[in-house]
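Residue numbers (this note's numbering): -11 to 140.
Treat the hints as calculated values from the structure; they're not laboratory data.
All of these numbers come straight from a predicted model, not from anything done at the bench.
Check before you lean on any hint, since a few could be wrong.
[As the list claims (entries may be wrong)] Derived DEER-like restraints, expressed as beta-carbon distance ranges:
| no. | residue 1 | residue 2 | range |
| --- | --- | --- | --- |
| 1 | S56 | T94 | 23 to 29 Å |
| 2 | D87 | K134 | 22 to 28 Å |
| 3 | A127 | I72 | 21 to 27 Å |
| 4 | L31 | P121 | 21 to 27 Å |
In this text, a Cβ means the ideal position worked out from N, Cα and C, and glycines have one as well.
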Amino acid sequence: MSTSTSTSTSLIKSGVALQLFGLVWGLSIPSVPFPRLALSAHLHSMLNGALLTVVGLVLRQPDLISLSQLQAFIVTWGLNSTWISIASECANAYWGTKDTLPIAATAAKAVGGLSWQEFVVFVAHLPTAFMIPAFGVIAWELYFGKKTVKQN
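The whole structure should be built from the sequences, with the hints applied where relevant.
Here it is as structure tokens:
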């Protein structure tokens, strides 16, 4: 199995699992203290689940893109970092923190959580910055990678 195929399979599985999680989490929206924050976590799960699945399907196209082991590592962990922020958003539906996501907190009428809760939500959103290099790798390989050079 090639690196791209292995990464592809991993992302497709993660994406489908994230979508399933988002659907199940959606059932809890009416029962949490801050339903608007729960809705945000639900939408984040659904959107990123679809994103991971589509990226996995793109990586399954050997004529389109091929990743080295390092690139596959960056893409896999960069995109799967979304799980961490989604977990904190689910917890935030109970906590109502306001510092990291002030627009969502205002819409949810959240008054702020304990200092450790604010810290957890903040720290949990930092790894999503790794999505930027992950998409950088994908864009680079799509436009300038070995597969593109051979086709030109």
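A quick look at each hint next to the structure:
1. S56 <-> T94: 23 to 29 Å: violated, 44 Å
2. D87 <-> K134: 22 to 28 Å: Hint violated: Cβ distance 44 Å, outside 22 to 28 Å.
3. A127 <-> I72: 21 to 27 Å: Distance hint for A127, I72 holds at roughly 23 Å.
4. L31 <-> P121: 21 to 27 Å: holds, 24 Å
Of the numbered hints stated above, those contradicted by the structure are hints 1 and 2, listed in ascending order.
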